[in-house]
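First to last, the sequence lines map onto chains P and Y.
Just so you know, full-length UniProt numbering puts 566 at position 566 of the first sequence, and the rest follows in order with no gaps.
Just so you know, full-length UniProt numbering puts 90 at position 90 of the second sequence, and the rest follows in order with no gaps.
It is possible that some hints are incorrect.
[Unchecked claim] Only part of the chain P face toward chain Y is listed, based on derived beta-carbon distances under 7 Å:
1. Q347
2. S351
3. T444
4. T469
Hints in this document: simulated from the structure, not taken from any laboratory.
Idealized CB from N, CA, C, for every residue including glycine.
What follows is the residue order along each chain.
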Amino acid sequence: MSGQVSSGVHPSTNQQQAGHAAASGAHVDRQVRYTPYAIPFYRHRSRRENMEGNKKPQEQGMEGNGQDKPSRSWFKISIPFGIKYDEKWLLSVIQKQCNAPFTPVEFHYEKMEAQFFVEGASVAFELKNISGRLLDEDNEKISILVSASEIPHSVQRQPQSEMVEMTKPNTDKICDISQLSLDIQRLCFDPGMDSGSGPKADWTTDNTAIAPEPRDYKAASLQNHEASMMKLLPSKLSNTIQNVSITENLDVSKYKMKPAVELGREKGQGSEEMCTEKASLSTTFPDKCSGISSSVLEMFPKLLCLGGQYSLSASNFCTEVYKTLPTCKGGFLGTDALKDLVLQFLQQYYSIYDYGDRQGLLAAYHEKACFSLSIPFNPKDPTLSCLYELYKDSRNMKKLTDPYLRVQLLKYTKHDIVRSLCMLPKTQHDLSSFVVDMWVQTETMFCFSVYGIFKEVEGEYQGSVRAFTRTFVTTPESHTSLCIMNDELSVRVATPSEIQRTFSMLMPTPTLILSQEQQKMVQAFSIQSGMNLQWSHKYLHDSDWDYNRAIQALSLPKQGKVKDFRRGPHTD
Amino acid sequence: MEGTGSYHRDWSEENRGRQYQQHDQHRQPEGSGSHYYGPQGDHSRQGNRIPEEVVTPPLAASASSGSLMAAAVDFKTHVDQACRAAEEFVNIYYETMDKRRQALTRLYLDKATLIWNGNVVTGLDALANFFDMLPSSEFQVNMLDCQPVHEQATQAQTTILVVTSGTVKFDGNKQHYFNQNFLLTAQCTPSNTVWKIASDCFRFQDWASSN
Chain P
1 MSGQVSSGVH PSTNQQQAGH AAASGAHVDR QVRYTPYAIP FYRHRSRREN MEGNKKPQEQ
61 GMEGNGQDKP SRSWFKISIP FGIKYDEKWL LSVIQKQCNA PFTPVEFHYE KMEAQFFVEG
121 ASVAFELKNI SGRLLDEDNE KISILVSASE IPHSVQRQPQ SEMVEMTKPN TDKICDISQL
181 SLDIQRLCFD PGMDSGSGPK ADWTTDNTAI APEPRDYKAA SLQNHEASMM KLLPSKLSNT
241 IQNVSITENL DVSKYKMKPA VELGREKGQG SEEMCTEKAS LSTTFPDKCS GISSSVLEMF
301 PKLLCLGGQY SLSASNFCTE VYKTLPTCKG GFLGTDALKD LVLQFLQQYY SIYDYGDRQG
361 LLAAYHEKAC FSLSIPFNPK DPTLSCLYEL YKDSRNMKKL TDPYLRVQLL KYTKHDIVRS
421 LCMLPKTQHD LSSFVVDMWV QTETMFCFSV YGIFKEVEGE YQGSVRAFTR TFVTTPESHT
481 SLCIMNDELS VRVATPSEIQ RTFSMLMPTP TLILSQEQQK MVQAFSIQSG MNLQWSHKYL
541 HDSDWDYNRA IQALSLPKQG KVKDFRRGPH TD
Chain Y
1 MEGTGSYHRD WSEENRGRQY QQHDQHRQPE GSGSHYYGPQ GDHSRQGNRI PEEVVTPPLA
61 ASASSGSLMA AAVDFKTHVD QACRAAEEFV NIYYETMDKR RQALTRLYLD KATLIWNGNV
121 VTGLDALANF FDMLPSSEFQ VNMLDCQPVH EQATQAQTTI LVVTSGTVKF DGNKQHYFNQ
181 NFLLTAQCTP SNTVWKIASD CFRFQDWASS N
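Using the sequences and the hints, build the whole thing.
Right, dumping it as structure tokens:
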């Protein structure tokens, strides 16, 4: 496949790539040829032109600058571990999934990757889209990485005998929705909807106290992103980038789109389908076209960045290669006052829940509160079966489809709730393990989620450690107390590292010196029980150094059920 | 047919002297069972179907006051509506997240807030940027629960609490178990109800060891 392009093709040199795809005669997609996104592409070689006059995006955009003819953009497609795959097989698998036909150029293997080039932003975009959706014959995912590229050498070397004129992109073409390979319909709202038009006293608009200025997060992370990408780009590209003021480009306020409400007024575009919600571009391109196209542009700013902002185009595609997740942080609790309020609430709640009569929780709930409980559903995980036994009222809707039962298993009114809480196993929660996110904070509602671990302290599974997430929707009753409106508990099996962490909290303080005899007991106990010395010590300590009692305390759960923490960490 | 009148769930049954029906405890549905599911009938969408919208039939207005049975229907109806909306929502949300990421912000209110592993993201601009920066994803949900949120907390804005968990694989990263909670609010018209996320809280179960 890769050979086809180079034969019989007379592409223009340098910037002019117009029509080369058409001339090749094979696998040419009209769509690709006439892509509305073919904006003049300024290769780094013409950097001087870029720098001169420092063209604003608007000028570069659709019209091209005065001198250069409209040209195409090239992209390198990399398949990590593609070396495993036969070229024909790989390309056909990709083509099957890909919405746009593509013509791979210079297919080759480099180290562990398979690589080839394609021309045209829309094609590259389609390929990027299907990354991770392909499976090889071992059912493993095939990733597709896309980065902007110079014109492949084989294509560059072609003598140019004629310049094939590319249809000059104009605003009409761009606004012609039928040419887009994207389903615009999917991007639109019900036109009658105006988001945020609920009742005036809307808690959702009230919930602003919770967050710091969003720019802080955005600015910092984007800057870091840009900085790290600069290091990773090939030096040629990064030279270009340095000539462009990146932080300026990332200033959102400069590039706000026209409110999409205006779109509805354009004629002949099926415009009633277009959007009502305004959304600002988060990166770069201000709207070059008027009217309809701006909603398209706003959805796909990356494509339009190519010609005008070479640096950003490279960086936008490179982000796919180098994308990392934001750093995970601890619980978000807002102000100190809120933190105190919530932690105090949790302390009170769990001291009753764990050590008192749970009837005492009646005071914590609203008259018409709701409570439900849920266990994850995973048929492949045998450790969950004990949870199903213990928590029979699990209302996991992934497993429970009966609408009647779904209603029934939601506990309603505080009496009903407390009655069911009393029926749940007795527990000991490790408050030091708690992580709390406060995710709604208004005058009338504090909503927060608690993640943590607890131990079952009686019954068949005594000693088993569980992890839980509990979400409380509460109403402040006074400065110091919260009233629970909704309470949702989900319980799962704890991971070994979570178990370890709990135990480190519950371990006895490091030893007083053991007598000889005690040391011998610990050793013997360790051998007999199969536990390590630390745990053997604990058992004996808890049994007042009565060896037999300690042994009895080891009463084992039924075979084949939950991993019991008392088996202990055998290996240290 | 409900559709006119108030769209607020009416939780204030105190005035009606409602008592919780004990006979509901046994699991045999009475009669045809239809009155447990509310009168809205077939769950069909009206108008153009837009995948990124979560649309349900209009919320049933409160039944007329008086009968205890009517009050019981009320609550069950609300719960049932919540369940349908939640199920629909979760399907659309994760499919959009995985396959049409650029459209995900359509499911959020303008001033929605997301807390993602302790990082706070507020407003559509920031959300769009955030979702754009996240690598492509593949979600698998294995737990879903939901409750209608009490009116007193939400200042009469119809709201559902949705809780999910499962696994997620972000491109270039290892698989994580996650928990996610949403508050969805309803925007009601005579013909349907559109649900959007007002607030969103997401966390890896192993967040502490994932940096």
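We went through each hint and held it up to the structure:
no.: 1; hint: Q347; result: violated, 21 Å
no.: 2; hint: S351; result: violated, 24 Å
no.: 3; hint: T444; result: holds, 6 Å
no.: 4; hint: T469; result: holds, 5 Å
Of the numbered hints stated above, those contradicted by the structure are hints 1 and 2, listed in ascending order.
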